[in-house]
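Engineer: Chain residues, written in single-letter form:
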Amino acid sequence: MGPESAAPVPAALPVLDGWFTLDARAPHLLGSRCKSCGTFYFPKLTTFCRNPACAGESFEEVPLSRSGRLWSYTNACYQPPEPYVAAQPYRPFAIAAVELKKERMIVLGPVVRGVGVEALHVGMDMELALEPLDDGRLSWKWKPAR
Amino acid sequence: MTKEIAILGVGMHPWGKWGRNFVEYGVAAARAALADAGVDWRDVQFVSGAATMRCGYPGYVAGATFAQALGWQGAQVNTSYAACASGSQALAAARSKILAGECAVALAVGADTTPKGFLAPQKGERPDDPDWVRFRLGISNPAYFALYARRRMALYGDTPEDFAQVKVKNAEHGVANPNARYRKKFTAADVAASAMVADPLRLMEICATSDGGAAIVVSSLEYARRAGKADAPRIAAISTVTPTFASEVVEMPDLATDSAVAAEPQRFRGALPRKAYEEAGIGPEDVDLAEVYDLSTALELDWMEDLQLCARGDAARLLREGATRVGGRIPVNPSGGLACFGEAVPAQALAQVCELSWQLRGQAGARQVEGARVGITANQGLFGHGSSVIVKR
Ligand SMILES: [Zn+2]
Chain P
10 MGPESAAPVP AALPVLDGWF TLDARAPHLL GSRCKSCGTF YFPKLTTFCR NPACAGESFE
70 EVPLSRSGRL WSYTNACYQP PEPYVAAQPY RPFAIAAVEL KKERMIVLGP VVRGVGVEAL
130 HVGMDMELAL EPLDDGRLSW KWKPAR
Chain U
71 MTKEIAILGV GMHPWGKWGR NFVEYGVAAA RAALADAGVD WRDVQFVSGA ATMRCGYPGY
131 VAGATFAQAL GWQGAQVNTS YAACASGSQA LAAARSKILA GECAVALAVG ADTTPKGFLA
191 PQKGERPDDP DWVRFRLGIS NPAYFALYAR RRMALYGDTP EDFAQVKVKN AEHGVANPNA
251 RYRKKFTAAD VAASAMVADP LRLMEICATS DGGAAIVVSS LEYARRAGKA DAPRIAAIST
311 VTPTFASEVV EMPDLATDSA VAAEPQRFRG ALPRKAYEEA GIGPEDVDLA EVYDLSTALE
371 LDWMEDLQLC ARGDAARLLR EGATRVGGRI PVNPSGGLAC FGEAVPAQAL AQVCELSWQL
431 RGQAGARQVE GARVGITANQ GLFGHGSSVI VKR
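Protein chains in written order, with this note's numbering: chain P, 10 to 155; chain U, 71 to 463.
Since the hints were derived computationally from the structure, they do not count as laboratory data.
C-beta: ideal position from N, C-alpha, C; glycine also.
Some clues are possibly wrong.
What the hints assert, rightly or not - Simulated restraints, written as ranges between beta carbons of each label pair:
| hint | chain 1 | residue 1 | chain 2 | residue 2 | range |
| --- | --- | --- | --- | --- | --- |
| 1 | P | Phe57 | U | Gly126 | 29 to 39 Å |
| 2 | P | Gly27 | U | Thr312 | 24 to 34 Å |
| 3 | U | Gly392 | P | Pro101 | 41 to 51 Å |
| 4 | U | Gln192 | P | Gly27 | 41 to 51 Å |
| 5 | U | Glu195 | P | Pro98 | 22 to 32 Å |
| 6 | P | Ala128 | U | Ala262 | 39 to 49 Å |
| 7 | P | Ala64 | U | Ala381 | 37 to 47 Å |
To be verified - So these bits of chain P aren't anywhere near chain U, every CB distance computed over 10 Å:
| hint | residue |
| --- | --- |
| 8 | Leu22 |
| 9 | Thr30 |
| 10 | Ala33 |
| 11 | Arg34 |
| 12 | Ala35 |
| 13 | Pro61 |
| 14 | Glu69 |
| 15 | Glu70 |
| 16 | Pro72 |
| 17 | Arg75 |
| 18 | Pro98 |
| 19 | Arg113 |
| 20 | Gly123 |
| 21 | Glu136 |
| 22 | Leu139 |
| 23 | Pro141 |
Chain P with its partners taken away, still in its complex shape (with noise of 0.2 Å):
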């Protein structure tokens, strides 16, 4: 694969390494899953299984599904505590609760800038991008679908 078809890397630095992939245009979260019983786990889970009818110790690093339903959502109106660095003044955002259809779970994350809560309804669908949070630390954020 030639350089111009590679997918673009965000100069950002990530805010976390290893919880999602760098590709700007189609990113993915990173989590795991059990070998023996096919749980999901975000985020990553590589030693012991917590679904009590599996003894699983071997997991395998798996991209989770980059889209899904609304579950819920809400939005932090007032300065959220330390070790969330704000600009100031404070900007509120909006936080969803997406579910993966395939992997039958529910994700959290903060919403791109730029969607507040009146734009969003439950069930919508919304998909995974990156974008810097205010300390220029790139992180994973719910969007809603195109």
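Please arrange chain U with the ligand on chain P, whose structure you already have, making use of the hints.
Structural biologist: Chain U with the ligand alone, transformed into the frame defined by chain P:
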């Protein structure tokens, strides 16, 4: 063989932001409970403390701390920590001792001193700790309550006005409760005028942290009979079950639910009272009142359904009909709930049982639920802890 024990006496130190040592609140509550029970401190055979993690080493060994403050008298001692369920676990330890015949009368105590302002996470860079990560992303505690509240609006048609009515109702209940921290009536307009914290929840709909202490003297039924208290309220169930994999909702401080590809999702809040009903051999139709953990207004409605006081999605209808007010069919939080108390973690589950005891003895004054015979409590905290206690008379 009956698994019941008697509640001989209950006592509380008023909730507030007093800024004094937690031991003071615990001892005041213990002395009040002993006086209420008519039991001499020196006759208590087992002291069961609920730990606090915010008050240093004396808090980790709360049972011994309270026993020493009351005066060492050679009792057996225990300390339990289970987040919001610490008080129930301390009570469960006392029940086990009594039912095993290892003691006849025991004292359970919990008390807390809380820091001023919001609870902040520990310092330092800890990417392996989900609690650190979610704060790093700006997802603080009210966000979780708001996600549950918004979900109710989408699924059941609940409105922000319904949530505000929970606050209005609980404020009305707590206004005459001498142990409550907030004793002021509020209108729906007052709630609507308070600042939005996490849409749809406003400042007045999210519970604060408080100082406070609660204590309960329990005994075998035989001891109660000999003490002339054969008709004292009885503890019929203490459920402290863990969740069952896979989790149905995102629990604080997690960033995701369990994946349910290999096991069906389970509702933790529903499991707690289910075990309590089973243990007591009664059903939700037998319940006269409930004290539930209203960390937010909307959460009280979730609890009503988890306690099976109504069908899933019907809680707001009951609220609108007035069924959950004192005087209604099934009063919820006659004490005023966390809305009027604020949360004093290790004391809160015991405070819920104190309220049921006063109610079942007909001593709750202006907030009395007429003819109450059976009450249930419910609470849930971090890391898979929660409890549900049934008291009957
Ligand atoms: Zn497994």
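Engineer: Holds or violated: is the Cβ of arginine 34(P) farther than 10 Å from all Cβ atoms of chain U?
Structural biologist: holds (22 Å)
Engineer: Starting from the hint 39 to 49 Å, judge whether the C-beta atoms of alanine 128(P) and alanine 262(U) obey it.
Structural biologist: The hinted range 39 to 49 Å is violated for alanine 128(P) and alanine 262(U), with Cβ atoms some 23 Å apart.
Engineer: Does the claim that threonine 30(P) lies off the interface hold, with its Cβ farther than 10 Å from every Cβ of chain U?
Structural biologist: At about 17 Å from chain U, threonine 30(P) clears the 10 Å cut-off, so the statement holds.
Engineer: Beyond 10 Å from every Cβ of chain U: is that where the Cβ of glutamate 136(P) lies?
Structural biologist: holds (17 Å)
Engineer: Far enough from chain U: is every CB of that chain over 10 Å from the CB of alanine 35(P)?
Structural biologist: holds (20 Å)
Engineer: Please confirm whether leucine 139(P) is truly not at the interface, meaning its C-beta sits more than 10 Å away from all C-beta atoms of chain U.
Structural biologist: holds (13 Å)
Engineer: Over 10 Å to the closest beta carbon of chain U is the bar; see if arginine 75(P) clears it.
Structural biologist: holds (14 Å)
Engineer: Hey, does proline 141(P) actually stay past 10 Å from chain U on C-beta?
Structural biologist: holds (12 Å)
Engineer: Starting from the hint 37 to 47 Å, judge whether the C-beta atoms of alanine 64(P) and alanine 381(U) obey it.
Structural biologist: holds (38 Å)
Engineer: Beyond 10 Å from every chain U Cβ: check whether that's true for glutamate 69(P).
Structural biologist: holds (14 Å)
Engineer: Evaluate the condition: distance from the CB of proline 61(P) to the nearest CB of chain U exceeds 10 Å.
Structural biologist: Answer for proline 61(P): violated, closest chain U Cβ roughly 6 Å.
Engineer: Would the least Cβ to Cβ distance between proline 72(P) and chain U come out above 10 Å?
Structural biologist: Given a closest Cβ separation of 14 Å, the condition holds.
When each numbered hint is compared with the structure, violations occur for hints 3, 4, 6, 13 and 19.
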